[in-house]
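**Q** Sequence:
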Amino acid sequence: MGEFEVHRVRFFGLVPAGVRCLACQPRGGRLALARTDGAVEVYNFAANYFQEKVIPGHETRSVEALCWAAGDRLFGAGLSGEITEYDLALLCVARSVDGCGGPIWSMAANSSGTQLAIGCEDGSVKLFQVVPGGIQFERNLDRRKGRILCLSWHPSDTHIAAGSIDFLRVFDVCSGQTVQRIMVNYHVLKVRRECIVWSIAFLSSGTVITSDSFGRVQFWDWQRGTLMESHTVSTSAVLSLAVSEKEDSIIVGTSTGATYQFQLLPVKMGSLEKRWVRTKPFQHHTHDVRAVAHSSTALISGGLDAQLVIRPLMEKMQKKGYDAALRKFTFPHRRLVSCARKARLLLFQFSQHLELWRLGSTDETGKDGEVLPLCRMPEHLVQLKSKGPEHIYCSCVSPCGSWVAYSTASRFHLYRVQYEGDGVSIKKVPKVPKLLLPAYQLQFSSDSGSLFVASARGSVHVLQLLEPGGCKHLHTFRPPSGSPEAVYLLASSADGHWLAAVGGDWAIHIYDLKCFKHHCTVPTYSCAVTALAIHPITNNLVIAYSDQQLFEFSIPEKQYTAWSRMVQNCGLHRVWLERDSPITHITFNPKNPSHILLHDIYMFCVLDKSLPLPDNSALLMNQSTLKQLPETARQRQLHAFKICKKFQPLLFADLLDENCLVMVERPIMDIKTQLPLPIQQKKFGT
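Every letter in the sequence shown is one number past the one before it in our numbering, and letter 203, counting from 1, is 203.
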C-alpha cells in the first residue's frame, strides 16, 4: 500500500437526525424516509439501497407522515398543518396545501393512490383527491374529540380505521360516518392512564391491528368491536407497526429500540386455523423506533439513533449473498466534508452552518502505526451560519483555501477568505448571478480559478472567480438530449480541460471546458453512480457504481480503457461486491499513476492497477492482517486491492500531497453520547 503520514481527524461534530417515518413505494422499488429535522431521503432497492435523492430539511417543516400516491408521487404532512408534495426530480418542495385542521399527525393513501386521508389535531379525518398537478380537498369524515394519531385504509377502500387516545374508530368512506368505536383500554381502567394508539393497520380480513403506549399489539374484529388477540411485547410503548403485502407478517418497533416480527401461522400442522405468533425479536437500535416498513423481502426500521436498519427475510432469499446481508445506514451516501489540499484546510457541512478548520502539524517522524506528537494543534478558523430556516444543500472550499461557497434551496453564497498571519478575514461576494439556484453540488477547479455549480434539469453553470473578490458567469452546460433530473455529482480534470456531471437519471455527460461544448456521454449502466474522479495524468474517468462495480473511461478516446474491459471480463472479488456501503470518494496519487484511492464508510482502499485482480479463492485481507503473515505468504496474497479498515466510520479521505493523507472519522459512540438517554432496561444479573 505504501507509507503515508495520516492526519486522523475526529473533531467533525456531526450528529445525524433521527428517523421519523418511512414509506415503501407500493409495487415499486423505493423507500422514502423523513428525519426529525425535516429532511426527506429516497433509497433505491434495485440500486443496492443507495440513497439516490436527498431533499434537505427546513426548521419550520416537520414531517410526521409520508406516503406514495399515484405511482411515484411522494407526499408528506406534519405539525405545520400542511400537506406537501415533493419534486423528486428537482429535489425540492413542489407545492403545499393547508389541511385546515391544525397539526397533521397521520396520513395514508388508498390502495389505488387516488385519495389521501389525513388525521388532524382537531379530531377530523379529511379526504383529498390526488389530481394531476396537486391535490384537491374532497370532504370531512365524522369529526369527534381527540387528535387522530394514525390512519389505515381497508384494502377495498371502503373503510378507514383511525387511532386516537383511548379509542379507535372505523369510518365508512362513502357515508363519512363512524360505524364502530372501540375503547382500547377497557380492562386497565383502574390504572387511570391514557392509552395512546400509536399505529394502526386494517387488513382485508376485517382485522384491525393496533400498537399502543401500554406496550401491546392487539388484534380487533372491527365489525363486532371485540378483541381477538393481545400480545404485550414491551414494558414501554410500541410506537410503530407495518404489515406485509400478503398480510401474513408484521413488524413493530418499540421505545426501547427493539423490533419484533409477528407471523400468521397455522395452529398445528395442516390446520386451516391460523393465529398471530411473535417469532423474531431484534435489538438493532438504542433509542425509539419511530418508523418501520415491511417490503416483500426485508424488515426495515428507523430509530431516533439515526440508524436505518434493513434486515432481509431469510425465508425469502434463494441463496446466501449480498441480498441476504443485514444493512445499517447511519451516515448520508454523499460527502459532507471538502478539503483545501494546498492550504491544508477542511470544510465541515452541518445543517445550518459550516466550519472551516486548519489541520495540525508535526515535526516528528516515526515508524509505521506510531502516533506522532503535534507541534501545532488543529485550529477552528471560521464558522459560517446560514440565515433563515432552510438547511444547506451543498458546500465546497477551493484547493487554495481562499474561496468558500454553499447553497440552500433559495440562496447561493460565495465568500472570499484571506489569511493574515494567525488571523482570518472573510468577505461575502456581492451580486452573485441569480441563475445558479438551486445548486445541488459545488466543485472548484484545481487552480481555484473557476467554480462549477450543478443545477436543475441536467445543467451545470461555470463561474469565473475574480480578484480581489468577485465572480462572472461564463457558460451553462446542458445535456444534448435534455434531462428533468438535477445534477448530483461533479468531477473536473486537473488540467482544466474536462468536466464530468452525473444527474438523477444516472447518465454521465463529459463537457469540454476549453471550447464549452458537450464532448460525449459515458455508456449507460443500470445502477446509480456513487463517486467519480478524473485522473490528473491520463484524463481517464474512474466511476464507482452502487453495485460496487468499477469502470474506467478514457475521455480523450471516448471509450472504456483496456483495464476496465479486463475488470469486466474477469470480474471483481465476491467479497468486494458484497459490501453494503457505497464508495463516496475517489482520488489519485500523482507519485504512483497506477494507484486509485477510494473509500466507503468502513474501509480505505488503494487499488493498484499494475497488479493482478484477486480471484474468489484469494483472501481479500485487511492490511493489518497481512502484516502478521510471513513474507512468503504475503507474496502469495499479492493482488490489486490494498484495504485498510483501521479508520471507521470514515466520512472522508483525501490525499494532501504524495506522502500525506487526511482521514475524517465520526465514531458512533461519540454520536450516542449526544443523544437523549435511552429507556433503561433491567438486565438479568445486574
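Calculated directly from the structure, the hints in this document are not laboratory data.
On a predicted model such as this, the values are computed, not experimentally measured, just so you know.
Glycine included, every Cβ here is placed at the ideal spot set by N, Cα and C.
Please note that a few of the clues may not be correct.
With a straight-line Cα cutoff of 27 angstroms, these simulated BS3-like cross-link-like pairs (lysine-lysine) come out [what the hints assert, rightly or not]:
1) K387 <-> K431
2) K328 <-> K646
3) K434 <-> K517
4) K517 <-> K558
5) K328 <-> K385
6) K428 <-> K342
7) K367 <-> K431
8) K342 <-> K246
9) K280 <-> K342
10) K328 <-> K387
11) K646 <-> K591
12) K645 <-> K672
13) K517 <-> K591
14) K387 <-> K434
15) K627 <-> K646
16) K328 <-> K591
17) K627 <-> K558
18) K280 <-> K672
19) K591 <-> K672
20) K558 <-> K367
21) K385 <-> K427
22) K387 <-> K428
23) K472 <-> K342
24) K280 <-> K268
Distance windows between CB atoms, simulated [unchecked claim]:
25) P649 <-> E420: 53 to 61 angstroms
26) S296 <-> D422: 58 to 66 angstroms
27) K428 <-> E364: 38 to 46 angstroms
28) R275 <-> G176: 30 to 38 angstroms
29) S296 <-> L227: 42 to 50 angstroms
30) M228 <-> R10: 51 to 59 angstroms
**Q** Would you mind marking each hint as holding or not holding in the structure?
**A** Here is how each hint holds up against the structure:
At most 27 angstroms may separate the alpha-carbon atoms for a hinted pair to count; K387 and K431 meet this at roughly 17 angstroms. Restraint check: the Cα-Cα separation between K328 and K646 comes to about 19 angstroms, which is no more than 27 angstroms; the hinted pair holds. As the CA atoms of K434 and K517 are separated by approximately 23 angstroms, the hinted pair is consistent with the 27 angstroms bound. Of the supplied pair hints, the one linking K517 and K558 holds, its CA atoms being roughly 15 angstroms apart against a limit of 27 angstroms.
Between K328 and K385 the alpha-carbon distance is near 31 angstroms, which puts this suggested pair outside the 27 angstroms criterion. Proposed proximity of K428 and K342 is supported: the alpha carbons are some 22 angstroms apart, at most 27 angstroms. As the CA atoms of K367 and K431 are separated by approximately 52 angstroms, the hinted pair breaks the 27 angstroms bound. Taking the CA atoms of K342 and K246, the gap is near 58 angstroms; set against the 27 angstroms cutoff, the hint is violated.
Annotation: proposed proximity of K280 to K342 is violated, straight-line Cα distance about 53 angstroms (limit 27 angstroms). As the CA atoms of K328 and K387 are separated by approximately 33 angstroms, the hinted pair breaks the 27 angstroms bound. Of the pairs offered as hints, the one joining K646 and K591 holds, with about 24 angstroms between alpha carbons and a cut-off of 27 angstroms not exceeded. Taking the CA atoms of K645 and K672, the gap is near 22 angstroms; set against the 27 angstroms cutoff, the hint holds.
For the given pair, K517 sits about 32 angstroms from K591 by alpha-carbon distance, which is inconsistent with the 27 angstroms threshold. A hinted pair counts as satisfied when its Cα atoms are at most 27 angstroms apart, and K387 with K434 qualifies at roughly 18 angstroms. A hinted pair counts as satisfied when its Cα atoms are at most 27 angstroms apart, and K627 with K646 qualifies at roughly 13 angstroms. For the suggested pair K328 and K591, the alpha carbons sit about 36 angstroms apart, so the restraint of at most 27 angstroms is broken.
Simply put, K627 and K558 have alpha-carbon atoms about 41 angstroms apart, too far for the 27 angstroms limit, and the pair is violated. Of the supplied pair hints, the one linking K280 and K672 holds, its CA atoms being roughly 26 angstroms apart against a limit of 27 angstroms. In summary, the hint linking K591 to K672 is not supported, as the alpha carbons are separated by about 40 angstroms, beyond the 27 angstroms threshold. For the hint linking K558 to K367, the alpha-carbon distance of about 44 angstroms lies beyond 27 angstroms, and the restraint is violated.
For the hint linking K385 to K427, the alpha-carbon distance of about 13 angstroms falls within 27 angstroms, and the restraint holds. Note on K387 and K428: the hinted pairing holds, with a Cα-Cα distance of about 13 angstroms set against a maximum of 27 angstroms. Between the alpha carbons of K472 and K342 the distance comes to roughly 24 angstroms, so the proposed pair stays at or under 27 angstroms and holds. For a cut-off of 27 angstroms, the pair hint linking K280 to K268 stands: about 19 angstroms separates their Cα positions.
Against the hinted window of 53 to 61 angstroms, the Cβ-Cβ separation of P649 and E420 comes to about 36 angstroms, which falls outside the hint. As the Cβ distance of S296 to D422 is approximately 59 angstroms, the hint placing it in 58 to 66 angstroms holds. Taken as a hint, the range 38 to 46 angstroms holds for the pair K428 and E364, whose Cβ atoms sit roughly 40 angstroms apart. A beta carbon spacing of about 34 angstroms between R275 and G176 agrees with the range 30 to 38 angstroms that was offered as a hint.
Distance hint check: the CB atoms of S296 and L227 are about 30 angstroms apart, inconsistent with the given range 42 to 50 angstroms. A beta carbon spacing of about 53 angstroms between M228 and R10 agrees with the range 51 to 59 angstroms that was offered as a hint.
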